[in-house]
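The listed protein sequences derive, respectively, from chains F and D.
Numbering that gives the first Met the number 0 puts the first residue of the first sequence at 0, with every later residue one more than the last.
Numbering that gives the first Met the number 0 puts the first residue of the second sequence at 0, with every later residue one more than the last.
Simulated from the structure, these hints should not be mistaken for lab results.
Take these hints with a grain of salt, some might be off.
Restricting the straight-line Cα-Cα distance to at most 27 Å, the calculated cross-link-like pairs of lysine-lysine (BS3-like) are [what the hints assert, rightly or not]:
hint: 1; chain 1: D; residue 1: K385; chain 2: F; residue 2: K30
hint: 2; chain 1: D; residue 1: K184; chain 2: F; residue 2: K337
hint: 3; chain 1: D; residue 1: K297; chain 2: D; residue 2: K184
hint: 4; chain 1: D; residue 1: K184; chain 2: D; residue 2: K194
hint: 5; chain 1: F; residue 1: K30; chain 2: F; residue 2: K13
hint: 6; chain 1: F; residue 1: K320; chain 2: D; residue 2: K297
hint: 7; chain 1: D; residue 1: K390; chain 2: F; residue 2: K30
hint: 8; chain 1: F; residue 1: K23; chain 2: D; residue 2: K297
hint: 9; chain 1: D; residue 1: K486; chain 2: F; residue 2: K255
hint: 10; chain 1: D; residue 1: K297; chain 2: F; residue 2: K30
hint: 11; chain 1: D; residue 1: K385; chain 2: F; residue 2: K13
hint: 12; chain 1: F; residue 1: K337; chain 2: D; residue 2: K385
hint: 13; chain 1: F; residue 1: K33; chain 2: F; residue 2: K23
hint: 14; chain 1: F; residue 1: K24; chain 2: F; residue 2: K13
hint: 15; chain 1: D; residue 1: K385; chain 2: F; residue 2: K23
hint: 16; chain 1: F; residue 1: K255; chain 2: F; residue 2: K320
hint: 17; chain 1: F; residue 1: K337; chain 2: F; residue 2: K255
hint: 18; chain 1: F; residue 1: K320; chain 2: D; residue 2: K486
hint: 19; chain 1: D; residue 1: K297; chain 2: D; residue 2: K385
hint: 20; chain 1: D; residue 1: K297; chain 2: F; residue 2: K255
hint: 21; chain 1: F; residue 1: K33; chain 2: D; residue 2: K184
hint: 22; chain 1: F; residue 1: K337; chain 2: F; residue 2: K320
hint: 23; chain 1: D; residue 1: K390; chain 2: F; residue 2: K33
hint: 24; chain 1: F; residue 1: K23; chain 2: F; residue 2: K13
hint: 25; chain 1: F; residue 1: K320; chain 2: D; residue 2: K194
hint: 26; chain 1: D; residue 1: K297; chain 2: D; residue 2: K194
hint: 27; chain 1: D; residue 1: K390; chain 2: F; residue 2: K24
hint: 28; chain 1: D; residue 1: K385; chain 2: F; residue 2: K24
hint: 29; chain 1: D; residue 1: K297; chain 2: F; residue 2: K33
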Amino acid sequence: MTDATAPSLPRKSKSLLAEDDRTKKRNAAEKRFKYYGIAAISVGLVFLVILVATILREGTPAFTRTAVTVDFVLTQEQFDEAESAVLKTAAYTRLFSQFVADQAEEKGVATDLTDEDRAEIAAGLERIMGKIGSDIRVHYRENPDDVGSPVRFNLAAASRVDAYLNNGQSRDGFVSSRFLEEQDLDLIDAMVEIDMIGSDWDRTFFFGSDSGVDNPGGAGIGVAVVGSFFMMIVVLVLSLPISVAASIYLEEFAPKNRFTDLIEVNISNLAAVPSIVFGILGLAVFIQFMHLPQSAPLVGGLVLTLMTLPTIIISTRASLKSVPPSIRDAALGVGASKMQTVFHHVLPLAAPGILTGTIIGLAQALGETAPLLLIGMVGFVARAYPDTFVGGFTEANSVMPAQIYTWASRADPGFYEKAWGGIIILLVFLLTMNIIAIILRRRFERRW
Amino acid sequence: MPLTWLVLTVLVLAVLGYVVGRVRATQSAGGDARNLHSLPVYYGMNVAMSVIVPAVIALIIWLLVQPIVISASISGDIPDSAIPEGSVRSLVMSEIRRVADGLDNAIDMGVMTEDFARNAGADLSDMTQRLKDAGQVITQNVSADVLRWAQDYRAMHATGDLLRSFVVLAIAIAGLVLSWMRTHKDFRARIVVEKLVLGLLMLAASLAILTTIGILLSLIFNTINFFNLYPAWDFFLGLSWSPSFSGRGGLSELGVIPLLWGTLYISFVALLVAVPIGLLSAIYLSEYAPPAVRSIAKPMLEVLAGIPTIVYGLFALLTVGPFLVSVFGQDGALGVNWMSGGTAVITAGVVMGMMLIPFVSSLSDDIINAVPQAMRDGSLGLGATKSETIKQVVLPAALPGIVGAILLAASRAIGETMIVVLGAGAAARLSLNPFEAMTTVTAKIVSQLTGDSDFASPEALVAFALGMTLFFITLGLNVFALYIVRKYREQYE
Numbered sequence: 000m001t002d003a004t005a006p007s008l009p010r011k012s013k014s015l016l017a018e019d020d021r022t023k024k025r026n027a028a029e030k031r032f033k034y035y036g037i038a039a040i041s042v043g044l045v046f047l048v049i050l051v052a053t054i055l056r057e058g059t060p061a062f063t064r065t066a067v068t069v070d071f072v073l074t075q076e077q078f079d080e081a082e083s084a085v086l087k088t089a090a091y092t093r094l095f096s097q098f099v100a101d102q103a104e105e106k107g108v109a110t111d112l113t114d115e116d117r118a119e120i121a122a123g124l125e126r127i128m129g130k131i132g133s134d135i136r137v138h139y140r141e142n143p144d145d146v147g148s149p150v151r152f153n154l155a156a157a158s159r160v161d162a163y164l165n166n167g168q169s170r171d172g173f174v175s176s177r178f179l180e181e182q183d184l185d186l187i188d189a190m191v192e193i194d195m196i197g198s199d200w201d202r203t204f205f206f207g208s209d210s211g212v213d214n215p216g217g218a219g220i221g222v223a224v225v226g227s228f229f230m231m232i233v234v235l236v237l238s239l240p241i242s243v244a245a246s247i248y249l250e251e252f253a254p255k256n257r258f259t260d261l262i263e264v265n266i267s268n269l270a271a272v273p274s275i276v277f278g279i280l281g282l283a284v285f286i287q288f289m290h291l292p293q294s295a296p297l298v299g300g301l302v303l304t305l306m307t308l309p310t311i312i313i314s315t316r317a318s319l320k321s322v323p324p325s326i327r328d329a330a331l332g333v334g335a336s337k338m339q340t341v342f343h344h345v346l347p348l349a350a351p352g353i354l355t356g357t358i359i360g361l362a363q364a365l366g367e368t369a370p371l372l373l374i375g376m377v378g379f380v381a382r383a384y385p386d387t388f389v390g391g392f393t394e395a396n397s398v399m400p401a402q403i404y405t406w407a408s409r410a411d412p413g414f415y416e417k418a419w420g421g422i423i424i425l426l427v428f429l430l431t432m433n434i435i436a437i438i439l440r441r442r443f444e445r446r447w
Numbered sequence: 000m001p002l003t004w005l006v007l008t009v010l011v012l013a014v015l016g017y018v019v020g021r022v023r024a025t026q027s028a029g030g031d032a033r034n035l036h037s038l039p040v041y042y043g044m045n046v047a048m049s050v051i052v053p054a055v056i057a058l059i060i061w062l063l064v065q066p067i068v069i070s071a072s073i074s075g076d077i078p079d080s081a082i083p084e085g086s087v088r089s090l091v092m093s094e095i096r097r098v099a100d101g102l103d104n105a106i107d108m109g110v111m112t113e114d115f116a117r118n119a120g121a122d123l124s125d126m127t128q129r130l131k132d133a134g135q136v137i138t139q140n141v142s143a144d145v146l147r148w149a150q151d152y153r154a155m156h157a158t159g160d161l162l163r164s165f166v167v168l169a170i171a172i173a174g175l176v177l178s179w180m181r182t183h184k185d186f187r188a189r190i191v192v193e194k195l196v197l198g199l200l201m202l203a204a205s206l207a208i209l210t211t212i213g214i215l216l217s218l219i220f221n222t223i224n225f226f227n228l229y230p231a232w233d234f235f236l237g238l239s240w241s242p243s244f245s246g247r248g249g250l251s252e253l254g255v256i257p258l259l260w261g262t263l264y265i266s267f268v269a270l271l272v273a274v275p276i277g278l279l280s281a282i283y284l285s286e287y288a289p290p291a292v293r294s295i296a297k298p299m300l301e302v303l304a305g306i307p308t309i310v311y312g313l314f315a316l317l318t319v320g321p322f323l324v325s326v327f328g329q330d331g332a333l334g335v336n337w338m339s340g341g342t343a344v345i346t347a348g349v350v351m352g353m354m355l356i357p358f359v360s361s362l363s364d365d366i367i368n369a370v371p372q373a374m375r376d377g378s379l380g381l382g383a384t385k386s387e388t389i390k391q392v393v394l395p396a397a398l399p400g401i402v403g404a405i406l407l408a409a410s411r412a413i414g415e416t417m418i419v420v421l422g423a424g425a426a427a428r429l430s431l432n433p434f435e436a437m438t439t440v441t442a443k444i445v446s447q448l449t450g451d452s453d454f455a456s457p458e459a460l461v462a463f464a465l466g467m468t469l470f471f472i473t474l475g476l477n478v479f480a481l482y483i484v485r486k487y488r489e490q491y492e
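Just chain F, same shape as in the assembly (with noise of 0.2 Å):
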């Protein structure tokens, strides 16, 4: 029998306050572990901000235009002699551009201007304005009594004038092209110094419409943002009444049995069907079996319905589940019917989850743009808002994202600004609709 025991290790005899090399390694590593954390969430919310902010630096200019703004006089000889023209528009521009230059020499920036100066005043204010000629002419067709007395026109600078005058009129790698050359610029500074040119707020892309390819100037989103709110006004009236009715049989009625559960799984998977195969379902039953008339508000909404009802049906479900069960006993136990107690008790106090995960649900539809895109909404140019209220609905309109993909997908950069533009107003709404479902969640959600 030995007594030995085992021989004990070598010990430094050392603090338990040290820290020896092991230990510094792991807190080390521990450190290290929190900071790879630390430094993902800031990657993330870095991504947010860069997002947010090229959002804003890029769309706020689409809000402003460079406008020319002249007091113009058109006597009637003038007026007669434009008509009688062979090509009126380009008379309309030469009377106009007659008259800024002699403003100009009127307020003493320029002097002595020769007819080939005027000339190319005239071409270089074709250059900054566009066809001026036709929207002249066009306003003096429609109100004759205008001849011969003063008139403000305020017209739309083209946007590579706009680029200029945001850059604080440097000249820094400016490339003369067909579109605006040097020379135009010292016509725009004698213009900025009479104060003829300034920015304002561009009332035609909150209001306006679409305009054609070559005219980035005049687009707006006014259209879109009605055909949007007339696509959400469907979804809403077929989408709420149908996830909560959908909801309260899952969670009220619904047996145990082989259907409830094909109706679980189906809602579970719709929700993670991707969107464009929405669009695809639209183009075949909507359009091509029904017939249904391409890219209107009515068939955009229908689809987006079906896109949004799983999302809309989950959380109704989760708020109608969490009303207590004590409700629907003291229902029941004075006598009320199933029927009774879910709508005249349950329903009520889940009402406030209900809507906020509608309005929740709404956003979602709102922002979609794949779908639409199948069923017409693209390549479409709309041009004037619907007639009627009916025509909302049924006559073929834009949306914001649709609009704003047009406009992406468009060659001329001048459409750029406004599609940022146009995702600062369809962010505007997003978020109001978040916030209203954030209040209206804080104002009456019940903790039972």
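Given the coordinates of chain F, assemble chain D onto it according to the supplied hints.
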């Protein structure tokens, strides 16, 4: 009678029914509601619902069936000889429909009168000119046959609409009268109404099944049409994607492999961005972050998920793409000249990764929180540091759930459309270089189905086959992911 008025009339009848039903019930009880079987409201509702429900169901069925019947009847009238060379019956039908719609619009705009539109002997060039004046898209002169069929089509629709109004109104009135006659103080109105309501609730719930069936049918039928025109073998195994624009299909190569490759590659890059960032964020938020940080950072991250994808698409196209070119492109910051254009796999992938971060982080956060606290306590009690606990206890326990979350994110990435449409380019390519433009299944669905309204060519129909592929891939991923997540959750409950 226009549809709006028809619906309004039915609604008015329903309100009327409510009132008369209620009044009759109260009268039969001698004015004392206590003698009634149900509350008076239910008698009114019974009559109102007997008006609305059958009438609306009849209306919906009529709206669905009438176009089919009329199209079939007209289509049956078209002799084979009348179908132009290189065209098909459905194209002639759509031409007829276009002319008929054009006539309607022209009458609305006052370009022609109803009589003129019905006049079978109308001068064709005059008719065409008037249609053009009304802004209708008519490419050539309307042929006599097409015009005649279009007029038939309109006439049949007019008759159909008239019949529809009669039938729907008759059903509504019959419902009103019958249920009004049944109203009596011993009639069990509440039971009947509640049964009907339950039926409606069930119908609403079944809409999910109907939607799935609708998706499947619209995909399957068109895909079968496509495979009749283009061999399925070449579609699934073809290594080249180059649709011809002629619409004849003879020269098109419609192989799905390059598109699938682009889809998977972009999704892979997206997950490469989203998974580490999302997972580490989730770990930090659930294990380390003080409540104040958590309550701010979590909603902020989730904002990324609420931003519409079109915004990300534009961001990829106009900001991220040019930025990446300025780094990796010619004369770029690195001077490597790898990237020639802004639209590339990496552009779309990075932006899509941004979008998926909150998706991964919220799901993983839930799953990490579901790991029982006792497991952490045990590990910490043995002297492990917090990070060792996370790496060696919490993460292995949560792993199946996290894999499920990543799979769900992958299915989102595969189905994502707008970012790739704007950010990934349009060229189908089988390449490993992430700086090259590639295209995806979703982007091609959009490009094949927009602009062209002719669904008879293989170039358009291929989109349905692509949709089918996409549907089954995402469905498979989702089912698998949900299975994993559910199985894992049950483990600790």
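- Task: Output the numbers, in ascending order, of every earlier hint that fails for this structure.
- Result: When the structure is compared with the hints, numbers 3, 8, 12, 20, 21, 26 turn out to be violated.
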